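Quick mapping for you: the protein sequence lines, in order, are chains A and B.
Take the first sequence: its letters are residues 0 to 467, numbered as in numbering that gives the first Met the number 0.
Take the second sequence: its letters are residues 0 to 274, numbered as in numbering that gives the first Met the number 0.
Incorrect hints may have been included.
Cβ-Cβ distance ranges computed for the label pairs, FRET-style [stated by the list, open to error]:
| hint | chain 1 | residue 1 | chain 2 | residue 2 | range |
| --- | --- | --- | --- | --- | --- |
| 1 | A | Gly373 | B | Asp251 | 42 to 52 Å |
| 2 | B | Lys163 | A | Gly229 | 52 to 62 Å |
| 3 | B | Asp79 | A | Leu40 | 24 to 34 Å |
| 4 | B | Lys272 | A | Pro137 | 28 to 38 Å |
| 5 | B | Lys206 | A | Glu431 | 53 to 63 Å |
| 6 | A | Asn224 | B | Lys76 | 31 to 41 Å |
| 7 | A | Pro10 | B | Gln257 | 55 to 65 Å |
| 8 | B | Pro91 | A | Asp351 | 55 to 65 Å |
Here are the simulated lysine-lysine pairs, DSBU-like style, with alpha carbons at most 35 Å apart [claimed, not checked]:
| hint | chain 1 | residue 1 | chain 2 | residue 2 |
| --- | --- | --- | --- | --- |
| 9 | B | Lys76 | A | Lys212 |
| 10 | B | Lys272 | A | Lys353 |
| 11 | B | Lys55 | A | Lys212 |
| 12 | A | Lys104 | A | Lys55 |
| 13 | B | Lys265 | A | Lys358 |
| 14 | B | Lys96 | A | Lys276 |
| 15 | A | Lys24 | A | Lys145 |
| 16 | B | Lys15 | B | Lys76 |
| 17 | B | Lys272 | A | Lys415 |
| 18 | B | Lys28 | A | Lys399 |
| 19 | B | Lys15 | A | Lys270 |
| 20 | B | Lys26 | A | Lys145 |
| 21 | A | Lys135 | A | Lys49 |
| 22 | A | Lys270 | B | Lys273 |
| 23 | A | Lys43 | A | Lys131 |
| 24 | A | Lys194 | B | Lys273 |
| 25 | B | Lys178 | A | Lys212 |
| 26 | A | Lys270 | B | Lys201 |
| 27 | A | Lys169 | B | Lys2 |
| 28 | B | Lys273 | A | Lys283 |
| 29 | A | Lys212 | B | Lys6 |
| 30 | A | Lys467 | B | Lys26 |
Source of the hints: derived by calculation from the structure; they are not laboratory data.
Please read these numbers as outputs of a predicted model, since none were measured by experiment.
We put the CB at the ideal spot given by N, CA and C, even for glycine.
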Amino acid sequence: MTEGTKKEKTPRQKIPEQNPAIRSKNFNEVNLGYTEEMALLEAKRCIQCKNPRCVKGCPVEIDIPAFIKKICEHDYIGSVLKIKEANGLPAVCGRVCPQEDQCEKECILGIKDKPVAIGNLERFVADYEREKDLVKKPAVPKQTGKAVAVVGAGPAGLTCAGDLAKMGHKVTIFEALHISGGVLVYGIPEFRLPKAILQKEVDFVSSLGVEIKNNSLVGKTMTINEMLDGEFDAVFIANGAGLPMFMNIPGENLNGIYSSNEYLTRSNLMKAYAFPKYDTPIIKGNSVAVVGGGNTAMDSVRTAKRLGAERAMIIYRRSPEEMPARIEEIHHAEEEGIEFHLLTNPIEYFGDDKGWVKKVRCIKMELGEPDDSGRRRPIPKEGSEFEMDVDVVVVAIGTKANPLLSQTTPELPINKWGYIVADEQTGKTTMEGVWAGGDIVTGGATVILAMGAGKRAARSINEYLQTK
Amino acid sequence: MFKIINKEQLHPSIAKLEIEAPLIARKRKAGQFVILRVNDTGERIPITIADSDPEKGTITIYVQEIGKSSALVNSLKTGDSISDVLGPLGRPTHIKKFGTVVIIGGGVGTAEALPIAQEFKNAGNNVIAIVGAREAGLLVGLEKMAEYSHRLIVCTDDGSKGVKGFVTEALRQLKEDEKIHIDYVLAVGPLPMMRAVSNMTKPWSIKTEISLNSIMIDGTGMCGGCRVTVGGETRFVCVDGPEFDAHEVDFDLLQQRQRIYLSQEKESYESFKKA
Chain A
0 MTEGTKKEKT
10 PRQKIPEQNP
20 AIRSKNFNEV
30 NLGYTEEMAL
40 LEAKRCIQCK
50 NPRCVKGCPV
60 EIDIPAFIKK
70 ICEHDYIGSV
80 LKIKEANGLP
90 AVCGRVCPQE
100 DQCEKECILG
110 IKDKPVAIGN
120 LERFVADYER
130 EKDLVKKPAV
140 PKQTGKAVAV
150 VGAGPAGLTC
160 AGDLAKMGHK
170 VTIFEALHIS
180 GGVLVYGIPE
190 FRLPKAILQK
200 EVDFVSSLGV
210 EIKNNSLVGK
220 TMTINEMLDG
230 EFDAVFIANG
240 AGLPMFMNIP
250 GENLNGIYSS
260 NEYLTRSNLM
270 KAYAFPKYDT
280 PIIKGNSVAV
290 VGGGNTAMDS
300 VRTAKRLGAE
310 RAMIIYRRSP
320 EEMPARIEEI
330 HHAEEEGIEF
340 HLLTNPIEYF
350 GDDKGWVKKV
360 RCIKMELGEP
370 DDSGRRRPIP
380 KEGSEFEMDV
390 DVVVVAIGTK
400 ANPLLSQTTP
410 ELPINKWGYI
420 VADEQTGKTT
430 MEGVWAGGDI
440 VTGGATVILA
450 MGAGKRAARS
460 INEYLQTK
Chain B
0 MFKIINKEQL
10 HPSIAKLEIE
20 APLIARKRKA
30 GQFVILRVND
40 TGERIPITIA
50 DSDPEKGTIT
60 IYVQEIGKSS
70 ALVNSLKTGD
80 SISDVLGPLG
90 RPTHIKKFGT
100 VVIIGGGVGT
110 AEALPIAQEF
120 KNAGNNVIAI
130 VGAREAGLLV
140 GLEKMAEYSH
150 RLIVCTDDGS
160 KGVKGFVTEA
170 LRQLKEDEKI
180 HIDYVLAVGP
190 LPMMRAVSNM
200 TKPWSIKTEI
210 SLNSIMIDGT
220 GMCGGCRVTV
230 GGETRFVCVD
240 GPEFDAHEVD
250 FDLLQQRQRI
260 YLSQEKESYE
270 SFKKA
């Protein structure tokens, strides 16, 4: 150590992003990614803790210090392969994980300074491998002769399928929609997760030998029992929590009022933002209100802005501290000129004589004691009603379990809210040969949690298949 | 990709397509529908399954051209493929022995009602079919409907075939002039027709069901785009329907929601026709 010189502390590298005024008018990805130089500077900030806390913060326990060390060594491919030992979709997770609640929250540097930008580094190496076309297909393992059916090509299904294929089993994914990815394709917008990148991740899973059958609605086109009686030895159900929730307040069926599922499915899956090049339309309001405070609400309101809304507003009944959305999304939304009407709740919608929504009547809220979720309960402030002009409303207050599968499979154990009951550690259900994981078990949650469930189920299914 | 085994042009604006879809063919029951997407830029649209052949592995649909997506389907030929077909969707028709059942079909609704008429006949009902269209050329499925019913009444608005007048007039004659005792009515066709049938049977207290044709996207109950109010409650046509008790349906709301994309639909269709 040189006497008298204090080592300069490298600040956390800010990820380059599109300028807010420009990006709020296009659907291109907001974050532009680190340059190699930035990635190296950031990776060198990691002090390679002997007992890394970050690993414990990761729902799939990626060996974070190890992958970061490889970046320092300029071994970017080695780095992404290290990540892929635990997480098969690093290009996705690097973009959408709430790192501030997971790995980065635990980072020791965060105590006195800013944590290592683990998410940005994960994204960097995943993008590097893909852009340089260096993605290698792993060797085909010895086949076990066992077959597994996976219901749903979302994060849980793709992960479980990929892991089982690597263990030598024959896996088939049954997906209802015409494009795979689940929430990754219909829920998360292009400007957060480019679909071309997602498709490459899906293609990688296929390259492991997994067969993906789109246009297959399990429960209607085929049933779980047919699968188990037929060619499959086990089934993993990961069909998501796709039932939209409405507030059931007056006027909610007026024209121009959407569930976030519909609004985002039109825009993201069907590319309605490119109408008329793509045939599916979407109403491009001028004054759009989105009800909710999670990632789906942020995605919806920022989509509205990009579709040309002069006023794109969030109406959320709690305060900023309670908003469940990822910090970066809230931050980006603020920069893009999204209006935040917090501690506010809609109570009624009014329309014109043709049935189009024109106004929303709201009431101000104040926070009381915590409710079941642990967050302070919002209470309406009597006499604080007011009205706002709106021409499109998106209700993004959460989703519930879609009953379609459970209605057609009576032996499937479900709880009173319609979610499938499965063992937390293994994903096993009480129905013989059937596992479940992801949002259909937990309710709407995150991509990484779903992936973790997919991994655990794959391990458990593998054990079970060895006894058959 | 779903291959078109046979395409018949019944009328410049009406196509009958037999599509290779073995899994759907095996599972499908009367009253169910599919969601199809013709190509990569296409919309997802719901179309009722008119018939299926489980051995051959095919389903049959009838499509009336009313906009770009239906025009796209109409333009396909034998040997072409449809990118995506999802089904069978919706709850099957609830078939029961009611006694005397009147099946009313309007336009291509007649073809869609064929499997339902057949099931009601097989269940031991006395089936009277009333089918109508604006003109003779737009009538479909007459031969099969005659086979699946005990009595067939044909109506055309312009009198070019059968009785001149609306299907509702034929229904009224059955009930009021001929004094036929009717236990159940099922109507499939354009919304104004189904509404008129419902308004007619309501004071008669005859159980009436109709097959709703809302705008849909996924067809699996995940977006709520197809929501309607039935008996004061919100229902999704794609998973709770497509058939509902007509007397409970909020027709005003249904018609209001059908108009959401009128201007975009017009824009798309006009561009398509110019190209």
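Aspartate 79/B versus leucine 40/A beta-carbon gap, inside 24 to 34 Å or not: violated (56 Å)
Asparagine 224/A and lysine 76/B, beta-carbon distance inside 31 to 41 Å?
holds (39 Å)
Margin query: Run the distance test for lysine 104/A versus lysine 55/A: straight-line Cα separation, threshold 35 Å.
Written below: holds (10 Å)
Q | Straight-line alpha-carbon gap lysine 43/A to lysine 131/A, limit 35 Å | A | holds (23 Å)
>> Holds or violated: lysine 272/B and lysine 415/A, Cα atoms, limit 35 Å.
In response: Violated: lysine 272/B and lysine 415/A sit about 51 Å apart, past 35 Å.
### Query
Between lysine 178/B and lysine 212/A, does the CA-CA distance stay at or below 35 Å?
Violated, at about 54 Å.
Assess, step by step, whether the Cα of lysine 26/B is no farther than 35 Å from the Cα of lysine 145/A, and give holds or violated. holds (26 Å)
What's the verdict on lysine 96/B and lysine 276/A, does the C-alpha distance respect the 35 Å limit or exceed it? violated (50 Å)
Would you say the C-beta atoms of lysine 163/B and glycine 229/A sit inside 52 to 62 Å of each other? holds (55 Å)
Taking only the CA atoms, is the gap from lysine 265/B to lysine 358/A under or equal to 35 Å? Distance ~27 Å between lysine 265/B and lysine 358/A Cα, so the pair holds.
(message) lysine 28/B and lysine 399/A were given as a pair; does the straight-line alpha-carbon distance stay at or below 35 Å?
(response) holds (28 Å)
For lysine 212/A and lysine 6/B, compute the direct alpha-carbon distance and say whether it is at most 35 Å.
holds (26 Å)
In the structure shown, a violation is registered for the earlier hints numbered 3, 4, 5, 8, 14, 15, 17, 25 and 26, in ascending order.
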